[in-house]
Amino acid sequence: MLVLAAWATATVDARSTGPGREVLRLLVQQRRITRAADIPLVRLGTTLLPVAAVLAAAVLPFGFRSVSDLPDGVVWFNAMEALAWAAVWLTGWAPNSTLSLIGGYRFLAQGLAYELPHMLAITTAALGAESLQVGAVVDAQSGLWFAVWMPVAFGIYLLSALAMAFWGPFDQPAGADVAGGAAGELSGVDRLVFLGGRWLLLVVAAAFAVPLFLGGGHGPLLPGWAWTVLKTAAVLGFLLWARRRVPTVRMERYVELAWVVLTPLAVAQALVVAVVVLAR
Amino acid sequence: MSLELFLIVAAALFCVGLFGALTQQSIVMLMMGLELMLGGVILAAGAAWHYIAPAAADGQVLIVVAITAMAVEMAIGFAVVTALFRSREIDMTDMAAELKE
Amino acid sequence: MSTAAFWLLAVVAVASGVMVFRFDSMARATFSLLTALLCVGGELIVLGLDYLGIVTILMMTIEMAIMAVFMVMFMMNPAGLMPMTMIHNKRGAAVICALAFALLVAGILLAPWPSRQGRPPADPTMDLGMSLMGPQMLTMMTLGMALFATIVATVVLATRRGRYDRYGDELQAAPPADPVRGGVGR
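Chains as they are written, first to last, in our numbering: chain A, 30 to 309; chain B, 286 to 386; chain C, 509 to 694.
Hints may be right or wrong, so weigh each one.
[Claimed, not checked] Simulated restraints on C-beta separations:
| hint | chain 1 | residue 1 | chain 2 | residue 2 | range |
| --- | --- | --- | --- | --- | --- |
| 1 | A | G49 | C | A512 | 36 to 44 Å |
| 2 | A | V290 | C | S623 | 52 to 60 Å |
| 3 | C | G626 | B | R371 | 26 to 34 Å |
The hints are simulated quantities; they were obtained by calculation from the structure and are not laboratory data. Just so you know, even glycine gets a beta-carbon here, dropped at the ideal spot from N, CA and C.
Taking the hints into account, I'd like the entire structure generated from these sequences.
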């Protein structure tokens with residue numbers, strides 16, 4: 030097994046650099062363990078992140094079908110991505126290391142900042158469709174996309190998708206200034222699972238913008254699944270582009286922005302949508 | 286499954302929480318006991334809705350009230366601990382007993 | 509299926525509820541409590557209350573994550589690396605709790621519970637919403653006021669600084685003197 034992995038590493042090494050090689054390197058790397066670390070909690074925290082992302086993905090429609098179109102799918106998605114709070118804090122706490130604990134605390138502060146406008150934004154989409162079911166939200170957008178007449182909610186959702194996966198301008202919980210933050214002490218398979226989970230969370234958050242605001246599988250010519258893939262790729266590409274273009278935002282600045290500017294904006298947007306829904 | 290089974294589980298959660306709330310000296314641990322007790326209340330309310338009057342929404346409203354009570358309890362609890370700690374560096378119930386004088 | 513789910517969730521809920529007060533590490537205790545409350549949310553889903561179950565899961569996850577921060581902040585020995593007990597009156601409490609449990613169980617088993625009336629609505633979530641926005645409007649408004657009062661009371665209790673600290677004695681200092689710079693133009 031080990032020989033095989035080493036062989037694979039060597040082969041890939043010769044031909045490429047990049048994610049594949051990094052994955053193989055992490056797979057064969059020996060785990061470092063800090064002193065007095067809480068090993069069960071490290072394992073729990075690191076595995077909880079990808080598990081939360083996969084559970085949240087259960088309500089994602091691919092085309093017009095999802096694994097399970099729960100009657101409360103929108104709330105389910107929100108509850109599952111909230112598990113990331115527990116996952117990142119545990120991963121920061123458990124290795125018994127200062128810098129990684131700071132990373133965990135930073136994620137909670139960031140969570141307090143992004144969660145309130147985020148909840149209001151996805152509530153607005155559910156309000157526009159008059160249903161908490163993701164399938165019904167998609168159906169309500171067979172004509173006009175929600176992104177067109179709820180631009181504020183859409184923008185806030187994209188911001189919180191970045192913050193949720195502590196990605197790009199919100200990468201302080203795992204920032205270089207705290208030596209990797211919450212992920213700082215992780216090595217080997219743990220690191221692979223945690224960072225892979227973060228990627229999954231980003232992809233799932235980007236993909237959920239499609240049924241919520243971008244009309245899901247609706248679109249001309251192409252079948253539903255193709256539109257889902259195209260739109261998801263576009264949102265994900267935008268988020269990756271934002272990482273390159275936008276400087277890091279410290280969470281104490283984002284907290285004030287989120288509570289003083291974004292939350293009232295999101296409430297106003299919900300009010301506008303509520304009036305439109307009542308009037309039509 | 287029956288109403289009695291659900292209520293017994295709820296009673297078990299409530300009593301474990303009560304034990305914690307009575308024995309723990311740290312205020313934060315005491316609050317965890319209270320949370321567990323309220324968890325038992327939520328479960329009992331859900332069981333009462335399902336097995337006694339599912340047509341009325343009153344059981345569900347009771348759960349909403351219990352969840353709100355948990356949130357309020359936690360927020361006020363932490364604010365009080367913060368204020369106590371700031372004024373006299375204590376975080377235990379026994380030390381706060383002098384407040385009554 | 510749902511019977512198996514009930515038993516599994518019930519056993520895990522009570523077991524992790526007990527472990528809350530047996531773990532030395534505060535992080536373990538908090539997340540053990542989270543497990544117990546997530547199981548309560550799962551039981552609600554078993555009972556057919558999907559929305560309230562998921563909301564319980566959502567709220568408890570966030571609440572316990574924040575609770576963990578306060579635990580670490582205020583406890584002397586948060587990681588439990590040096591075992592110590594911080595409990596009082598263990599025997600008395602055990603007697604009280606055993607007695608309370610016995611009484612509750614006796615009451616549960618002996619009470620003449622009314623038989624089930626009516627059937628659950630097709631969409632309990634809709635039922636709850638219509639109820640909160642209709643006959644139970646007063647409850648909803650009271651909850652809203654209670655939460656608002658909590659926000660105000662919490663800030664008043666937890667902050668040390670008032671407006672005179674921020675804006676000076678004449679309340680005219682601009683910009684306000686805050687220890688942490690905010691995000692909107694200061």
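Determine whether the Cβ-Cβ distance between A/G49 and C/A512 falls within the hinted range of 36 to 44 Å.
Holds, since A/G49 and C/A512 (Cβ atoms, about 41 Å apart) stay within the stated range.
Take the C-beta atom of C/G626 and the C-beta atom of B/R371, compute their distance, and say whether it sits inside 26 to 34 Å.
violated, 53 Å
Should the hint that A/V290 and C/S623 are 52 to 60 Å apart at their CB atoms be regarded as holding?
Holds - the Cβ-Cβ distance for A/V290 and C/S623, about 55 Å, lies within 52 to 60 Å.
The structure fails to meet hint 3 from the earlier list, while all remaining hints are met.
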